[in-house]
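Top line first, the protein sequences correspond to chains A, B and C.
With the first letter of the first sequence counted as 1, position 99 gets the number 99 in this note's numbering; the numbers rise by one all the way through.
With the first letter of the second sequence counted as 1, position 128 gets the number 128 in this note's numbering; the numbers rise by one all the way through.
With the first letter of the third sequence counted as 1, position 285 gets the number 285 in this note's numbering; the numbers rise by one all the way through.
Since the hints were derived computationally from the structure, they do not count as laboratory data.
We treat Cβ as the ideally placed atom computed from N, Cα and C, and that holds for glycine.
Accuracy of the hints is not assured; some may be wrong.
[To be verified] Taking beta-carbon pairs under 8 Å as the criterion, some of the chain C residues facing chain B (in silico):
1. Val67
2. Gly101
3. Ser147
4. Val191
5. Ala223
6. Glu241
7. Ile243
8. Gly247
9. Ala256
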Amino acid sequence: MEDLSFHHPVRERAGGIRQSAIVGVVASGNLEVLVERVLPDAECAVEIKTAAMGFGEVWSAVIGDFVERYSPGGLKFSINDGGARPDTVSLRLAQAVRLIAGSDR
Amino acid sequence: MTLDDILASLFPDGHEVRNDNGVIAGAATLRSGGRILVIGVSDRTALGVDEAIRLSAHVLDSIDRGSGPIVVLVDSDSQRMSKRDELLGLNEFLAHLAKVLIHADMHGRPTIGLLYGHSAAGALLATGLATRVLVGLPGASPAVMDLPSMAKVTKLSMTALEEKAKSTPVFAPGLSNLEQMGAVHMTWSDATSLADQLEALLADMPAARDRRDALGKERGGRPKAADIAERVRDLALQIR
Amino acid sequence: MTAPLSHIAPAERARSTSFNEASARTRLDLLLDAGSLVEFIGPEQREVSPHLEIFGLPEQFDDGIVVGHGRLGGAPVFVAAQEGRFMGGAFGEVHGAKLTGLLRAAREIGSIPVLILLDTGGVRLQEANAGELAIAEIMRAVMEARSAGVKVIGLIGGRSGCYGGGGLIAGCCSALAVSEAGRIAVSGPEVIETNRGVEEFDSRDRALVWRTMGGKHRRLLGAADVFADDTVQDFREAALELIGLIGPFGLDRLKAEQGRLADRLRRFGACQDAVDVWTVEGVAHAETVPELPADQFIALADRIGRSSRDAR
Numbered sequence: 001m002e003d004l005s006f007h008h009p010v011r012e013r014a015g016g017i018r019q020s021a022i023v024g025v026v027a028s029g030n031l032e033v034l035v036e037r038v039l040p041d042a043e044c045a046v047e048i049k050t051a052a053m054g055f056g057e058v059w060s061a062v063i064g065d066f067v068e069r070y071s072p073g074g075l076k077f078s079i080n081d082g083g084a085r086p087d088t089v090s091l092r093l094a095q096a097v098r099l100i101a102g103s104d105r
Numbered sequence: 001m002t003l004d005d006i007l008a009s010l011f012p013d014g015h016e017v018r019n020d021n022g023v024i025a026g027a028a029t030l031r032s033g034g035r036i037l038v039i040g041v042s043d044r045t046a047l048g049v050d051e052a053i054r055l056s057a058h059v060l061d062s063i064d065r066g067s068g069p070i071v072v073l074v075d076s077d078s079q080r081m082s083k084r085d086e087l088l089g090l091n092e093f094l095a096h097l098a099k100v101l102i103h104a105d106m107h108g109r110p111t112i113g114l115l116y117g118h119s120a121a122g123a124l125l126a127t128g129l130a131t132r133v134l135v136g137l138p139g140a141s142p143a144v145m146d147l148p149s150m151a152k153v154t155k156l157s158m159t160a161l162e163e164k165a166k167s168t169p170v171f172a173p174g175l176s177n178l179e180q181m182g183a184v185h186m187t188w189s190d191a192t193s194l195a196d197q198l199e200a201l202l203a204d205m206p207a208a209r210d211r212r213d214a215l216g217k218e219r220g221g222r223p224k225a226a227d228i229a230e231r232v233r234d235l236a237l238q239i240r
Numbered sequence: 001m002t003a004p005l006s007h008i009a010p011a012e013r014a015r016s017t018s019f020n021e022a023s024a025r026t027r028l029d030l031l032l033d034a035g036s037l038v039e040f041i042g043p044e045q046r047e048v049s050p051h052l053e054i055f056g057l058p059e060q061f062d063d064g065i066v067v068g069h070g071r072l073g074g075a076p077v078f079v080a081a082q083e084g085r086f087m088g089g090a091f092g093e094v095h096g097a098k099l100t101g102l103l104r105a106a107r108e109i110g111s112i113p114v115l116i117l118l119d120t121g122g123v124r125l126q127e128a129n130a131g132e133l134a135i136a137e138i139m140r141a142v143m144e145a146r147s148a149g150v151k152v153i154g155l156i157g158g159r160s161g162c163y164g165g166g167g168l169i170a171g172c173c174s175a176l177a178v179s180e181a182g183r184i185a186v187s188g189p190e191v192i193e194t195n196r197g198v199e200e201f202d203s204r205d206r207a208l209v210w211r212t213m214g215g216k217h218r219r220l221l222g223a224a225d226v227f228a229d230d231t232v233q234d235f236r237e238a239a240l241e242l243i244g245l246i247g248p249f250g251l252d253r254l255k256a257e258q259g260r261l262a263d264r265l266r267r268f269g270a271c272q273d274a275v276d277v278w279t280v281e282g283v284a285h286a287e288t289v290p291e292l293p294a295d296q297f298i299a300l301a302d303r304i305g306r307s308s309r310d311a312r
């Protein structure tokens with residue numbers, strides 16, 4: 001297992017009032033994302049536990065792109081990864097933001 | 001110890017216990033003069049639908065007619081692994097045996113399991129693990145899952161598994177591991193009279209409440225089970 | 001572009017959602033009255049397995065099971081749903097203890113039914129001893145709850161089926177609803193093949209697996225009282241129906257079960273295959289049962305199939 005951690009300053013606070021949400025499942029090629037509204041509005045954090053070692057740079061790129069696109073201010077993302085591909089990771093992160101914003105169930 | 005040795009040492013005042021192709025059924029006289037129902041599986045027999053239905057029948061008959069505690073002697077294989085047994089609903093037969101034992105225990109017929117040989121998986125759930133107190137005898141070799149099968153599924157070598165088993169009782173076979181988990185309450189000595197040890201247990205039977213998770217916590221085998229169960233229970237009771 | 005799912009009426013979503021393909025949380029969301037699910041020790045509490053780390057395996061924040069309470073048709077229910085995709089829905093220490101705690105509370109309250117959405121391969125190998133014991137504790141807790149008047153209903157139609165000790169828990173429930181995918185057995189197909197050879201059971205013969213262990217066979221045998229089509233709405237209706245049917249538990253039920261199972265051995269003990277069982281049972285053209293659509297199968301089962309009502 002490998003632990004990774006990313007912190008990003010963000011432009012604006014994520015929408016909605018829900019305090020937490022969860023998407024996905026830990027399985028081969030899949031991951032779960034727990035998102036919690038616990039940080040100051042201008043911060044975002046992503047903490048990852050992954051079964052696939054040595055993909056730190058890929059994660060860094062995927063998360064940098066995600067933060068730029070969604071501006072998830074105030075949110076902490078905790079990820080348990082079963083070796084998901086980058087597009088699956090992006091999809092789950094986007095789902096998590098939508099879920100905590102309350103625009104989708 | 002062989003089954004005959006065990007029966008002789010448990011019941012010096014006599015018994016009528018038969019072993020019919022691996023299915024143990026009968027009764028015996030306790031030191032106190034009271035009676036005890038005896039059932040079980042011997043000779044490392046697999047527990048299938050045909051065996052399970054006879055054992056549950058024996059306990060149900062006794063619930064109607066008899067009194068006193070029930071002892072379940074266990075030296076079994078796993079559940080019988082066959083197309084026929086699954087076709088006929090083995091899960092129901094094994095569950096039924098466990099239910100009958102649990103019901104008896106809750107209604108004045110305290111149950112004791114005596115694990116004297118092997119047992120595994122579904123057979124252990126339907127027999128020893130369905131009793132109030134499970135006792136091990138030295139030399140017993142329960143294996144929820146055997147290491148070669150585990151090596152196959154986890155893709156780890158036997159050496160790696162054996163190494164990991166030194167640091168945790170949570171997955172590897174063996175009586176002492178099950179004792180640490182709280183599944184086996186105690187191990188008796190085979191050097192002294194089993195009758196004495198049985199009488200001592202009967203004189204001091206724990207309450208019918210399932211405390212195996214608390215035992216597992218005290219013994220360091222299951223660090224979280226008791227606390228998690230208790231927390232969920234507390235939260236659930238709050239909805240009243 | 002489809003409309004946001006939140007704009008669709010819950011019953012409509014439940015009707016169009018496959019029970020088999022949905023996650024444990026989605027199943028509960030759509031099974032219960034809208035918005036009524038409250039989880040106990042949810043994922044944000046991060047009560048993960050203390051044992052998977054030893055094997056370098058990833059954890060899941062809820063350890064693969066959701067337990068909580070909600071409402072069904074306006075009345076309170078306790079619920080537990082296994083996530084069959086996380087480690088095959090297998091029972092580990094934390095996973096099992098959540099269900100044990102729920103059942104113990106149900107026993108103390110006495111009047112609130114428990115729905116268990118079983119979706120499991122059985123014991124989690126990496127914590128086999130803890131998982132086996134958790135199943136034993138759950139079986140005991142189910143029987144204590146039932147003895148206190150609690151209705152405990154198993155709903156089975158998930159990816160992982162209901163195998164190993166999960167099959168024994170199913171056997172302890174007051175009643176079961178199954179879909180075709182709801183395979184119930186103790187030994188899985190691969191386990192039988194590995195131990196006894198491909199002549200005994202060919203695990204790659206999916207038709208064999210489904211007709212020997214699948215929901216249709218279990219319904220015709222009387223192991224399950226309701227056959228549900230594979231939608232969450234069908235399982236919701238099955239649960240409501242079963243809550244209305246279940247009577248009190250007592251020794252008479254165990255005696256009736258002894259008779260029911262002994263009778264099964266007498267009638268079908270010599271059958272070689274599920275098709276033989278169904279033929280003995282009086283099903284005309286029994287070989288067509290696997291292909292029957294759900295509505296036709298339900299009509300057949302209601303006409304011919306046995307019941308375990310009052311006998312389990």
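Hint-by-hint comparison with the structure:
{"no.": "1", "hint": "Val67", "result": "6 Å, holds"}
{"no.": "2", "hint": "Gly101", "result": "3 Å, holds"}
{"no.": "3", "hint": "Ser147", "result": "6 Å, holds"}
{"no.": "4", "hint": "Val191", "result": "6 Å, holds"}
{"no.": "5", "hint": "Ala223", "result": "5 Å, holds"}
{"no.": "6", "hint": "Glu241", "result": "21 Å, violated"}
{"no.": "7", "hint": "Ile243", "result": "17 Å, violated"}
{"no.": "8", "hint": "Gly247", "result": "16 Å, violated"}
{"no.": "9", "hint": "Ala256", "result": "11 Å, violated"}
Consistency with the previously given hints fails for numbers 6, 7, 8 and 9, ordered from lowest to highest.
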